[in-house]
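Participant: Same order as they appear, the protein sequences are chains A and B.
Numbering of the first sequence is given in this note's numbering, commencing with residue 4 and proceeding in unit increments.
Numbering of the second sequence is given in this note's numbering, commencing with residue 4 and proceeding in unit increments.
Hints in this document: simulated from the structure, not taken from any laboratory.
Heads up, a few of these hints could be off.
Since the list can't tell identical chains apart, any single copy or any two copies may satisfy a pair.
Stated by the list, open to error - Using 30 Å as the maximum straight-line C-alpha spacing, the simulated DSBU-like pairs for lysine-lysine come out as follows:
| hint | residue 1 | residue 2 |
| --- | --- | --- |
| 1 | Lys-121 | Lys-268 |
| 2 | Lys-227 | Lys-9 |
| 3 | Lys-135 | Lys-9 |
| 4 | Lys-268 | Lys-282 |
| 5 | Lys-135 | Lys-121 |
| 6 | Lys-227 | Lys-69 |
| 7 | Lys-69 | Lys-282 |
| 8 | Lys-121 | Lys-69 |
| 9 | Lys-268 | Lys-9 |
| 10 | Lys-227 | Lys-135 |
These figures come from a predicted structure and were not determined experimentally.
2 protein chains.
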Amino acid sequence: MRDVTKDNITDVFMGYLGEDVNPRLREVMGSLVRHLHGFARDVNLTHEEWNTGIAFLERAGEISDKERHEFVLLSDVLGLSSLVDMLHNLPEGTSSSVLGPFHITGSPPLRVGGDMRKGFDAPVLLVEGIVKNPDGAPIPGATLDIWQTAPNGLYSSQDPDQETYSFHGLQTVGADGRYAFTTVRPVEYTVPSDGPVGDILRACGRHPWRPSHLHFIAEAEGYKTLVTEVFPEDDPYLDQDTVFGVREDLVMRYVQMPAGTFPEKGFDLSGKVPDAYLKVAFDLTLVLA
Amino acid sequence: MRDVTKDNITDVFMGYLGEDVNPRLREVMGSLVRHLHGFARDVNLTHEEWNTGIAFLERAGEISDKERHEFVLLSDVLGLSSLVDMLHNLPEGTSSSVLGPFHITGSPPLRVGGDMRKGFDAPVLLVEGIVKNPDGAPIPGATLDIWQTAPNGLYSSQDPDQETYSFHGLQTVGADGRYAFTTVRPVEYTVPSDGPVGDILRACGRHPWRPSHLHFIAEAEGYKTLVTEVFPEDDPYLDQDTVFGVREDLVMRYVQMPAGTFPEKGFDLSGKVPDAYLKVAFDLTLVLA
Chain A
4 MRDVTKDNIT DVFMGYLGED VNPRLREVMG SLVRHLHGFA RDVNLTHEEW NTGIAFLERA
64 GEISDKERHE FVLLSDVLGL SSLVDMLHNL PEGTSSSVLG PFHITGSPPL RVGGDMRKGF
124 DAPVLLVEGI VKNPDGAPIP GATLDIWQTA PNGLYSSQDP DQETYSFHGL QTVGADGRYA
184 FTTVRPVEYT VPSDGPVGDI LRACGRHPWR PSHLHFIAEA EGYKTLVTEV FPEDDPYLDQ
244 DTVFGVREDL VMRYVQMPAG TFPEKGFDLS GKVPDAYLKV AFDLTLVLA
Chain B
4 MRDVTKDNIT DVFMGYLGED VNPRLREVMG SLVRHLHGFA RDVNLTHEEW NTGIAFLERA
64 GEISDKERHE FVLLSDVLGL SSLVDMLHNL PEGTSSSVLG PFHITGSPPL RVGGDMRKGF
124 DAPVLLVEGI VKNPDGAPIP GATLDIWQTA PNGLYSSQDP DQETYSFHGL QTVGADGRYA
184 FTTVRPVEYT VPSDGPVGDI LRACGRHPWR PSHLHFIAEA EGYKTLVTEV FPEDDPYLDQ
244 DTVFGVREDL VMRYVQMPAG TFPEKGFDLS GKVPDAYLKV AFDLTLVLA
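Excised from the complex, chain A in its bound form (with noise of 0.2 Å):
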């Protein structure tokens, strides 16, 4: 168009799409479009401001590589995963939650009752549950990918000390859908806040923290898979995790159990633990794919 303005150019954009382009991505690309030129206009953006933007989105592809994924990092401490995330939640199941930039595959199997603290020095905590459908019936053969960060408040690939699969387990429930392992309480940690994302958090006023959390996968055969975390209810950052993971279901009490009271069989650890413990139940619920 030779008299493209400010006022019709969304619409000459929308005029430059093919006839025959796939409907899903002119819906998509029209939104984002009239988004990004509502976004323009509302603030009046300037020249000066759209290089601090370009020069953002450089920095921030430089700073990028197989480990380090600053894209998913402004995406969620901007606020988007976690709403892609609540999108499509069910609420017949249990709430999802962000996967994260720090799952890795191929984690070892992890019995039911099996332990991932191995020798690091931090009190148990026992965490167990059912994984069930809607209806409240076991899942039979549900799997779940389990990890965490170690006591110093690094997950093993953040971390040259750890063993590769270091608090990182792979279980599968029996008839019953019950999972239980032993390990040490997460610590909340900071997302990577040395590059471009870390600036942002920085001029807003904002804390890289997240509060502590356990991850899982739960997948079984004919059920959704469900990325989730559950939170400690007594976690100072519960209420302002810099990446927006916290949902209501997810929150749940650590109990402090007295010494002698750990369970005599089932457990790896059955028989030594004499001391107090921290116990967690969380039930999770799997919605049909």
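Given chain A, put chain B in place with the hints provided.
Facilitator: For chain B alone, kept in the frame of chain A given last:
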């Protein structure tokens, strides 16, 4: 917030901003996130589409370097660059247009009447006009940074066969505000389409062509710098510039001049152009800074 929902997450984001945040940053980030969330809600963005978007940004980062600016190109083909231009355009002056990714600094001086065509085998184009203020008075001492494609459709920075400053010149006008030079007619060309932005264009059924144009950056003390382009009215891509750069007042007629009419003096090529040639007159109106 432990009860973040798809309906309140935008407000939660705003609540995360520190009290001392720069007010303009609060306005820009707030609008950006409202539109980002609005986009995701409007189209019910899926995880798969989110993944496609993240992978796109990562690929754009990978292909970018000091010479390849894929994020600028993305902004260009989505119409954002032109919209920002038009938002700050002043109606009493010549319209601005996109700078484009091919501008280089340090162009050699080009005297009034100088020649940029050099040995290239293409018809002469004579370009001239006045650099003036909105009252029509000339602006003595204004400088014009001029660049364009060679007859092969490539800028010198894209073409190892051209000298660094081929088809580049920096002209300072005298007391009459007049600029003038000879060159060849620039040709239409495609934006780089071998990267992720090219994939978007193809998926959207769009072509990568821009109409031919001459680039100008006009500067003068006390005046707002003008970045603009001039387009010939008979260009086949005038109504579908893939970066939305055409403005009505930037479209000019290239007049076919008969043999023997080339000016007898004042040009490097005076007395050396016996044949027919093209001529375009284009005045540049700058507004006070």
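Participant: Decide, hint by hint, whether the structure agrees.
Facilitator: Checked hints:
Taking identical chains as interchangeable, the C-alpha atoms of Lys-121 and Lys-268 lie at most 30 Å apart only when both belong to the same chain, with a minimum of 18 Å there against 91 Å between chains. Taking identical chains as interchangeable, the C-alpha atoms of Lys-227 and Lys-9 lie at most 30 Å apart only when they sit on different chains, with a minimum of 20 Å there against 45 Å within one chain. With identical chains, the CA atoms of Lys-135 and Lys-9 are at most 30 Å apart between copies only, with a shortest distance of 25 Å across copies and 54 Å within one. When the C-alpha separation of Lys-268 and Lys-282 is checked against a cutoff of 30 Å, the pair qualifies only within one copy, where the shortest distance is 16 Å, while the shortest distance between copies is 95 Å.
Taking the closest pair of Cα atoms, Lys-135 and Lys-121 come within 30 Å of each other only inside a single copy of the chain (29 Å); across copies the shortest separation is 79 Å, beyond that limit. In this assembly of identical chains, the alpha carbons of Lys-227 and Lys-69 lie at most 30 Å apart only when taken from the same copy (27 Å versus 44 Å across copies). Within a single copy, Lys-69 and Lys-282 get their C-alpha atoms no closer than 36 Å, and across copies no closer than 54 Å, so neither meets the 30 Å cut-off. In the homo-oligomer, the alpha carbons of Lys-121 and Lys-69 lie at most 30 Å apart inside one protomer (29 Å), although the nearest pairing across protomers, at 49 Å, exceeds that limit.
For the identical chains of this complex, Lys-268 and Lys-9 are neighbours neither inside a copy (72 Å) nor across copies (43 Å), given an alpha-carbon limit of 30 Å. Proximity of Lys-227 to Lys-135 under the C-alpha cut-off of 30 Å is restricted to the intra-copy arrangement: shortest distance 12 Å within a copy versus 67 Å between copies.
Of the hints listed earlier, those the structure fails to meet are numbers 7, 9, in rising order.
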